[in-house]
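Trainee: Residue numbers (the numbering used here), protein chains in the order written: chain A, 1 to 488; chain B, 1 to 491.
Be aware that one or more of the hints could be misleading.
Partial list, computed: chain A residues near chain B (C-beta under 8 Å) [stated by the list, open to error]:
no., residue
1, Asp191
2, Phe385
3, Ile411
Okay, the calculated bits of chain A under chain B, using three or more residues with CB under 8 Å as the criterion [to be verified]:
no., segment
4, 398 to 405
5, 417 to 428
6, 473 to 485
Hint data in this document are derived by calculation from the structure and do not stem from the laboratory. By construction, the Cβ of each residue, glycine as well, lies at the ideal position given by its N, Cα and C atoms.
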Amino acid sequence: MIQRPHIDWFALAPMTALFAAGALALMAAVLVPRRARRTTGAVVCALGYAVAFGFAIALYARSPHPQGVIADSLRRDRFGQFAQMILAASGLLAVGVSFRERMRDDHVAEYYALLAFAGGGMLFFVTANNLLTLFLGLEWLSLSLYILCAVDRDLIGGLEAGLKYLIVGGFGSAVLLFGSALVYGESGRLDFPGIAAAGRGHDALFLFGLAMLISGLAFKASAAPFHMWTPDVYEGAPTPVTAFMAAATKTAALVVMLRVLRTAFPGEAHLWTVAVAVIACASLAIGNLAALVQRNVKRMLAYSSISHAGFMLIAIAANNALGGRALLFYLVPYAAMSIGAFAVVAARERELGVPVTFENMAGFGWERPLLGVAMWTFMLGFAGFPLTGGFVGKFYVFSAAYDRGWTWLVIVGVVATLVSLYYYLGLIRAMFMRRSEELQLAPVGGSPPRETLLQGTVIVCVGVTVVSFFAVQPLIDLAKHAANSIPF
Amino acid sequence: MTTALIIIPLAAAVILWVLPLNRVSAGSIGLLAALAEVGIWIQVVVRFDFSKTGLQFEQHHSWFSDLNVSYHVGFYAFSVWLVGLTVVVTAACVAYAFWVGRERARAYFGLMLFLDAAIVGVFTAQDLLLFYAFFEAMLIPLYVLIGVWGGPGRIGATLKFVIYTMAGSLLMLASIVVYGLSKGTFDLVAIGQSGSTWIFLGFAAAFAIKAPLFPFHGWLRDAYTEAPPEVSAVLSGVVSKAAVYGFLRIGIAKFPGPTHDLRGLFLALAATGLIYGSLLAFRAPDFRGVVAYSSLAQMGLIVLGLFAVNDLGLNGSVLQMVNHGLISATLFLLAGMVERRAATGDLDRIGGMARGRPALATVLMATGIIGLAVPFSGAFAGEFLILAGVFRRGWGWSVVGVIAIVLAAMYMLRLISAVLHREVGAALGDAVLDLRPAELGVTVPLLACLLVLSAWPAAISGHAFGTKHPGAGLTSTLTSGSATSAPLTTP
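Just need the whole structure built from these sequences, with the hints factored in.
Mentor: Structure below.
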């Protein structure tokens, strides 16, 4: 008789909550009358995320010592729970951005179901402790996102984005799977600590597998040179989905990358730190340089997200406890700023009914001061100005790189920041220093839509961005305890 | 008290941004906050014990403990004078902006107060990261103030300004990371001295660009000309002093070795800037151009005194920082007033304004005369100390300084005669008014400060480093707190 493993239901509670929310939303898509579907779906999805967030906090508080879940296939530790908190909060905010999105009523409940499923997959993904659960989580979140990109049939470019993401993302998953197979084949183990214990670091195929694993995760984190899909998908997908992807997918991929590299391949650190540093530099260079010439705000933000992947990879490449802390801290303001920035883009898009470019942001800051000032804050935060958490995040990342002894990486980061100023400030310039009369197209008509939920979301994002500058101590303590559950 | 000086303008700025106020009430709140700053500063001066060295009005809270970063603010004696310069100039500029009636008043005054808070923060921060945060925070309001309310070429000017300054600042950030982590703390009082030339150069780059020092002045002309006049006044009067303060507080105090090694380079750059700026000021075709380039020249002079690294030079530099801040702020405000009347600052098209406008003539003449450092003026005292200081480093530097004083007389007299005398310019009608009472109310206090300093320059030069015994003050002040520090004044 096969012995059944003990199941720690509490550790599975966050993802179960989202899974249940997704299932409920799917039921709503069939059973609830059409006019109530939008509200029902959104409420169910939001509740799912809120419950997941609550469970993640509870789990964080109650897991001072890391432990395995379901025969060690998942890991219940503060590192995973910290990431789950960020992911669940991102999802909740994404619901706020989504609510007023112009979308036909017939598939809107499915949209929220998929949003919940994607979030559940991510929560699963960040706790994965062996190669199988890793791939399972990856596919779970990816498949949901492929559909989410293309779910709005009326959106020009949505289908293209979905297809592109499917093909390139599928390729990334295949690379990751192939890498897993090689690693498993050489070490004979699926679980991360087991792989580390097998000690096959001298083996070429094993190292090739490691390289493919890093590449596969870099696809998801949209780090150069695995970033090709990012601008097109970010541009084509519905803006709330882009907001969610920019914040959550990146968080999940980077957190998992740190976990895999530290727990499964600590012995090969002399190789992968260099590889990750090179990827970081490539992301910083490509992301920033390409962003300089973008006129479409969503594309600019897409390239900026590539460059931020570069900054966070510096923290991973540092391969020390300070780096782990830096990554987790950086993710908090970064997620808030990403969602907030795309939320503002979504608001402008709904107002104008056309893709948002630098030109048609002219005068936006004075017309809608709340959103304008919010966007200003996000741009300054991305650029790493003080009074935003982005500054502290960058400071920690640079500190981690210096601690590793790589001052040159600090210099690269500094130069990249300097280049990035041009386009971040460019958007501020477009919003505040040009007059709206320069805008050549007429808005859709009537007064701008009142969107309490979206504005509330943006205010929360601004709050997180600014508060993470002042209240560094409590946040860094959380991140420190989280990072301590990963062996350094 | 120190924190109050930072918090009050910030709180007022937030109030302005959030509440739906009309133009008059927004301006009133702005002015009130700026005047409150002056009041608190007077309290600081009264209660400050100038006989002691070391930090006073100190406040200390941990910010994040794992890297030993803290919110640590306090006053040294020279910070008191620089903060005073800040609050007085800002109050005058806010008052002027209120009188001119800038559009979008809530945003405008909020940003001015935000800038005020950031500058005061720079002058009082005693933690490297906090210093950097304030130093960067100055840039945010300046960017918007120039970019939104500036002249026709504002977009290019802001871009140049931001890229230049951020290039320096980010190098400084890299230096801060390396310096702070290698010493295990970011506290400026506790942190030990360092001998690394690279770290020093990172800091120096930021300060040299912000000041600006000679080859890094590319942003200066456009920014000073395109900004609204009162913003130019703050920028050249106060913000540039933040950079020199950085040289003093961090560059020289924490890096005695590199300062000694690179002294020749900095003296040469400062001297070049001094002569070159003076020549450019003499050739500049418009009012603000003259003031802008004279600012470049004066910053060269101040840095010259600083890098003499002896008591005479440093005391003179601090005095001259305050003098120049007041002079250049007044001149920029006057430039704004002239431009409002003539719709141009072009020296060929204005002129003869003295006739029938005694107030304008008197104020401009008095400021200009002090600015060209006639004997018995405060600026003369400052320049004399600086020249005496650099004389000890080599008589050649003093010769350069003396030549520059002659050049200063040339450009300043040219400016005065071009605006006040000669024939009545084409851009001026007979109806052009003299300075209005409000304008006098803005400029006369600044001029009064200058006159007080002329009468008693030792108020600052004798009280900048917290001791009544010249020769011992500097060493103990700048290095207090670091037990291992070497004597600062190199023989």
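Trainee: It remains to establish, for every hint, whether it holds in the given structure.
Mentor: Verification of the hints:
Taken as an interface hint, aspartate 191 of chain A does not check out: its beta carbon lies about 31 Å from the nearest beta carbon of chain B, beyond 8 Å. About 6 Å separates the beta-carbon of phenylalanine 385 of chain A from the nearest beta-carbon of chain B, less than 8 Å, and the hint is met. Satisfaction of the interface hint for isoleucine 411 of chain A is found here, the shortest Cβ-Cβ separation to chain B being roughly 6 Å, below the 8 Å cut-off. With 4 residues bearing a CB less than 8 Å from a CB of chain B, the segment 398 to 405 of chain A meets the requirement of three and the coverage assertion stands.
Coverage of the segment 417 to 428 of chain A by chain B holds in this model, with 6 residues showing a Cβ closer than 8 Å to a Cβ of that chain against a need of three. With 3 residues having a Cβ less than 8 Å from any Cβ of chain B, the segment 473 to 485 of chain A passes the three-residue criterion, so the hint holds.
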